[in-house]
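S.K.: For this one, chain V is given, so just place chain E on it according to the hints.
First to last, the sequence lines map onto chains V and E.
If you count the first sequence from 1, position 409 lands on 409 in the numbering used here, and the numbers rise without skipping.
If you count the second sequence from 1, position 58 lands on 58 in the numbering used here, and the numbers rise without skipping.
In case anyone wonders, no lab produced these hints; they're calculated from the structure.
Some hints here could point you the wrong way.
What the hints assert, rightly or not - Stretches of chain E that chain V covers, calculated by requiring three or more beta carbons in the stretch to come under 8 angstroms of a beta carbon on chain V:
hint	region
1	37-49
2	77-86
3	183-191
Said to hold, decoys possible - A few chain E residues facing chain V, derived, Cβ under 7 angstroms:
hint	residue
4	A58
5	R67
6	L421
None of these values were measured; they are calculated from a predicted model.
A virtual CB, placed ideally from N, CA and C, is assigned to each residue, including glycine.
Protein chains: 2
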Amino acid sequence: MSTESRAQPHIVIVGGGFAGLYAAKSLGRAPVQVTLVDRRNFHLFQPLLYQVATGSLASGDIASSLRAVLGRYKNVRVLLGDMVDLKPNERKLVLSDGELIYDTLVVATGVQPHYFGHDAWSQSATGLKTIEDAAEIRRRILLAFERAEREPDLEQRRAWMTFVIVGAGSAGVELAGALGELAHETLRHEFRRIDPAEARILLLEAVEHILPTFPVSLSVRAEAALTRLGVTVRTRTRVTDLTEHSITVSCNDREEQIPARTILWTAGVRASPIAQVIAHRTGAGLDRLGRVVVGPDLTVPGYPNLFVLGDLASFAPQHAVPLPALAPVAIQQGHYVGRLIRERLAGKTLPPFAYRDKGNLAVIGRNAAVARLGRFEFGGFVAWLLWAFVHIAYLIEFDHKVLVMLRWIWSYFTLRRGARLITVSRAD
Amino acid sequence: MSTESRAQPHIVIVGGGFAGLYAAKSLGRAPVQVTLVDRRNFHLFQPLLYQVATGSLASGDIASSLRAVLGRYKNVRVLLGDMVDLKPNERKLVLSDGELIYDTLVVATGVQPHYFGHDAWSQSATGLKTIEDAAEIRRRILLAFERAEREPDLEQRRAWMTFVIVGAGSAGVELAGALGELAHETLRHEFRRIDPAEARILLLEAVEHILPTFPVSLSVRAEAALTRLGVTVRTRTRVTDLTEHSITVSCNDREEQIPARTILWTAGVRASPIAQVIAHRTGAGLDRLGRVVVGPDLTVPGYPNLFVLGDLASFAPQHAVPLPALAPVAIQQGHYVGRLIRERLAGKTLPPFAYRDKGNLAVIGRNAAVARLGRFEFGGFVAWLLWAFVHIAYLIEFDHKVLVMLRWIWSYFTLRRGARLITVSRAD
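Isolated chain V, as found in the complex (with noise of 0.2 angstroms):
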């Protein structure tokens, strides 16, 4: 680093999801300079990977460079990295490959699928949080119904049929919605031995309703529309045994076993294992998903240099709940951080963070959505539109990926999905 760079204080950002990257570009242009470390070379936008995962967007559409999202800021470079500790009374950021000494330190590592202490699931059951992850469950989705058409005994081609969803929060939800289209419309008149329309597509909920963070009235209409599109939603149901070939699930205390080759997990997320390592060197307190719980200006108690936010941060509005893990949680608390930094090198301060709740938005197909807008519940078509404004907004604003929605609307007339591609790791 050049002597001109030492000057200035040096904020370190590790990861460059929704909130690291908001950070980074909050801090755009201040007076310090910024070092953002991802393992990975690109910002994902993850509420669109059950698109990839289905089919209808390619991974380049939903994953933008970090460094040509963050180009335009000469202040900030990007380092690809990978933090494996933290020594804070050093100030020292330990990678795999280095060190950095940083003034003030942001983390924002995120989650990962939550097997809730039945790790050795995620060989079955694949969960959908990597760009990797989307590959891998349209591999499996689309290899499913080519064994189907290929099996001739007729018990073994069910089970090649039946694709299990564990866990309808809106990740889950709107997967079950993308397959019953990929299904239903999509593969209809692909095969010529099995009618893709009879797969079975079943979507559990250990809850009493499905997108339990909704009012209760849009998540009945969101059933309605689950089950229009050939969705068998089971709440109350939740999953004691899986393997490759079955999954077995209780409700009302009656167990029964699903042969299904096909098993997709969105049942919960966990915080990524740095939580514990900023425990570890911080003494901070981890809550029952393993994230930091963070003070009201989300640092860490005691270290009013280290931040730690979005997925991977615990915090409670006074008398109230843990922030769920959402996008835009994450984006105001990158913005919220960077003009805290930027404040404090004016000597002034900010109030504590607050999270302003727009609502709430969950796609079911091509046509349906559910939203919950302050007080406001829709659902239909007109909340499909604002969904699809919504995303489409963002991903302009973010990196131009105007294509993306001219994608949408050729595929919304057509019901092609253009990047069905069933590909392999280099290393099988």
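M.R.: Below, chain E without anything else, positioned relative to chain V:
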């Protein structure tokens, strides 16, 4: 299979590349049952693979689901399968997991990179034939710049910034041009320690001129265009050794070792191993690239119901050298075989296959190309427009990939590359 389908002749096609796919299309709606067998579920538009390797296009842009492309032909079914053997006297095709009885067999399994006896080189010098190859090359190129940015040692940094492309046929020239643009334009402002424009891009060719199948005047023009993009062209240069860290070349009997961390291999191809199976089972001859020598009607001598076509076939017009491994050759052969099979059903036959050579095109970056159209030769922007038109027309005819065209127009004017992902295999 139903009894109805048994009544009609069963045409089995192995390989969904240009040759196999066009044969299948040509037999769509003919009074035959067609089964297209491929290991992958998609057709790959190989002429644009280098654009995926350099981040301009996403994988999904140049891959089309075989089921989607052939779905409209009710008499064509697609099977995911892997040919391992052949019993021509029983008219039996052996797959890794089953057998198929055919009346006529069409084999078009294409080629793979050829390391001329140095198979170990494939570990360090990635070839460019599959979609996974392209993702791997993209990963290696982008990672090299990332490593260079973090490398304090000047000599090491220089090795990370040195890119060697072995073989200056169309693929090598196009890859070198795109890499030149990536380094000099797209990445220009995105790094802080290194200047991507200082990347050293070497294009090596063993013979006198690059693009050996083009007229010399066009080779010279292409070389000038590459030089303008910052590519160093070295002809009459042979590779004598290569490792992960360097490549050793020989030119005019002088050896030189060049430290380079990224070596890409476009020096040659040889037939898929299926050629040896066919030779073993039928006594057919193989040419020096391992391709099956076929008769004037593209059948294996002595086996009138066994066709070999596309890159896998060695077809020599009377008193001439075998046709090159080009997409137009494969497409015309696919059409020919489809038509011949239809004519035979009507008790007729066709004159021998004749290749109509419409010309040859290679593109160098955003504005330049060289083209030979019959007796006409030209270069520059007009050739580039022709190249873009030809490729876009194919992609659209093929799979309505209108958006690829829009993506091109977009990146032509903005110099953006939207698909710059470093992805890893799940096995990592």
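S.K.: Work down the list of hints and note, for each, if the structure agrees.
M.R.: Against the structure, the hints:
1. Counting residues of the region 37-49 of chain E whose beta carbon lies closer than 8 angstroms to any beta carbon of chain V gives 3, which meets the minimum of three for the stated coverage.
2. Check result for the region 77-86 of chain E against chain V: holds, 5 residues qualifying (beta carbon to beta carbon below 8 angstroms, three or more required).
3. Figure legend: the region 183-191 of chain E, annotated as covered by chain V; annotation consistent (4 residues with Cβ-Cβ distances under 8 angstroms, at least 3 required).
4. Taken as an interface hint, E/A58 checks out: its beta carbon lies about 3 angstroms from the nearest beta carbon of chain V, inside 7 angstroms.
5. Hint status for E/R67 relative to chain V: holds, with the closest Cβ pair at about 4 angstroms, below 7 angstroms.
6. A hinted interface residue such as E/L421 counts as satisfied when its beta carbon comes closer than 7 angstroms to some beta carbon of chain V; here the least separation is about 5 angstroms, so the hint holds.
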